[in-house]
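Chemist: The primary structure of each chain is shown beneath.
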Amino acid sequence: MNFLEYAPAPESTAILNLREQYGLFIDGEFVDGRGEPFQTISPATEARIASISNANGADVSDAVAAARRAYDRTWSRMSGRDRGKYLFRIARLVQERARELAVAESLDNGKPIKESRDVDVPLVAAWFFYYAGWADKLDHAGLGANPRALGVAAQVIPWNFPLLMLAWKIAPALAAGNTVVLKPAETTPLTALIFADILQQADLPPGVVNIVTGAGDTGAALVAHEGVDKVAFTGSTAVGRAIAKQIAGTEKKVTLELGGKAANIVFDDAPIDQAIEGIVNGIFFNQGHVCCAGSRLLVQESIHDEVVDRLKARLSTLRLGDPLDKNTDIGAINSREQLDRIRELSDIGVAEGAERWSAPCEIPENGFWYAPTIFTGVQTSSRIARDEIFGPVLSVLTFRTPAEAVAKANNTPYGLSAGIWTDKGSRILAVADQLRAGVIWANTFNRFDPASPFGGYKESGYGREGGRHGLAAYLAPATGVDRAAAAAPKAKSATKGSKR
Amino acid sequence: MSRLAVPKTYKLYIGGAFPRSESGRTYEVLSADGAFLANAAKASRKDARDAVVAARAAVGGWAGATAYNRGQVLYRIAELLEGRRAQFVAEIEEAEGATRAAASAQVDEAIDRWVWYAGWADKFAQVAGNANPVAGPYFNISVPEPTGVVAIVAPQQSSLLGFVSVVAPALVAGNAVVVVASERFPLSAISLSEVLATSDVPKGVVNVLTGSPAEIAPWLASHADVNALDLVGAGDLDWIDLEIAAADTLKRVLRPEQGPDAAAPALGRISAFTETKTVWHTKSMK
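So the protein lines, in turn, are chains A and B.
Residue numbering for the first sequence follows the UniProt record's numbering, starting at 1 and increasing by one per position.
Residue numbering for the second sequence follows the UniProt record's numbering, starting at 1 and increasing by one per position.
Read the hints as simulated data drawn from the structure, not as lab findings.
A hint or two may mislead.
Dumping the calculated DSS-like pairs for lysine-lysine here, alpha-carbon to alpha-carbon at most 25 Å [claimed, not checked]:
1. A/Lys424 - B/Lys203
2. B/Lys203 - B/Lys8
3. A/Lys312 - A/Lys114
4. A/Lys137 - B/Lys123
5. B/Lys46 - B/Lys203
6. B/Lys46 - B/Lys11
7. B/Lys11 - A/Lys424
8. A/Lys408 - A/Lys312
9. A/Lys137 - A/Lys253
Just chain A, with the same shape it has in the complex:
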């Protein structure tokens, strides 16, 4: 046993109290869906976890109707102070049940327990805690006095951070006074259903949050439902585009948090040890299932070989395996479908002439796995430099001057995030100014905080989540007229509206 080997230290699943089957959570109760139920499995073992209800169109309508009733009768009439107290309760309950949620998340999603335990779940609690305090302070959200909630929010979330994305969506929506119908991803419904149990413990009024499980057609029915006032979606750019088309011509407001192909730019004066850790965290965190992952490494030509050598050495120490093992760095790929896509794009990378290197890890027999992989000699025109792979695959490109780095970083239809590694403060500020991306990390990567707005430029979507900006995405000015800010001069309707 050398110093890199550890005895297995699996987190116990005894803390879980899973049911054999889960219904939809509508109007405060679990009810059976009318579609054909489906199984959720552990991607690490392919073992079945539980049977999950499948919401059809009628179930979605029931959920939207429940949300509307709760909005009209309860939630829109409640004081912001009391709405906030419900959110504080939820934050505390998440903290109390943190270990259970982390284990369930790692089981259902495949991510390492050290991530679900130390990143996902603490951030979930933080998100509810942050927005709880906003609920009675909406006058300061930036839309003038007495902003109004939008109504019923339809929220569709992805499988990469199941519970965290739920928190990003539900916390600001409820703080602003909206009610919610949320659809978790098909492969990762488990923590959302445990969260429904938390809502019951919090005694949240029925219908304020409804959770409908199912696949893409359930989500499409929800987004298209005419009883919905706001659509918030996190997922692929292709689906985001379809949603933008679907809601065209309606009154619905929309927030889209879509794909990315972030540049992580390493200058030759970068603090190299931190940069290596940052690159690893940037692309191999959560198996690279991260929309803002630093999937394009832009390294200054003079340090290319050193960076690549050190990266390979570091990746060789990563432990791939059981997501529930506390020593695991790289967990399972979330689904067979995603694994196929990662393999396909990697093979295209090889076919297009890039050199592939994968960390030497033992791949477990069952489940879906992909070893951390680096491509060198990547051309900007190559598909592995342009397409979102959404897996543990890093494409390495080089640059000579800061201007070239910026030009290459911006050479993408995406614009979600970027990283800058350099010891020179003035260069950080100048490069950050020129990058066309919504979130930029300087000498760090993949940091998230409820106080910090997150969201993209260009085809990475629109609207922000997090911070004051994320709250405003669930509010409208008092006038009831889109965009007519209360600050406007001579806008007579604006002054009228603010007196209501």
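Following the hints, put chain B in place on chain A, whose structure we already have.
Modeler: Coordinates of chain B only, in the frame set by chain A:
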């Protein structure tokens, strides 16, 4: 003996120049009582594309200018408009059949609105952005940045004020614009372009097309190098199709507004065409 007037040829405004439509087409602009006023250029798809190219080339410089500089350049436009007040009043009286008082009021409001927006240039980032108290050793700040190239279908019922109400706010943040003027009242937009051409607004920052919005707007809505689409004046077009076309590249879209409060001055009109950028700066004593 009365003097014979010298009429003006109204052309497009693209990249700081005043070309005719490459298509060679014009259309008759009539006064409120049906008299011939001018032959305006009828812009084509290619004119629209040329305008987008000019806007894309200009956006970096305009967005990169200091906010103080942008504010002064925009204020300068108000100064020049004031000097040409009589020309715009006469143009609006003729085109819209408005009384002298109504035309004067429209021009006055257009000038004052420029001034209002010009003053926002170096302030809106303070109102729309903020520092974020994140739980870690980071200085975290959110600032609004221009979205890029904004295509605008100007309000159709107004000569000058509607045009100003949509162009000025898009410029404040540093966007470059391609504007399709009112089809029926295009002349003030071109006269305003003459003001822009002699002001300090860099060429290509504002590009003005006259002609048929129904014909031009679809090309702008589907153009991959346009970042945002303001449909404020597109209420009578098949604007839903335009919004659908814009979704192909996930353009930011403002839907049509109608009535007297359409495009009312608002900070929201500035922020609609901005992107919030959040930067995490690592703090360390080492």
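Chemist: Does the structure break any of the earlier hints, and which numbers would those be?
Modeler: 1, 7
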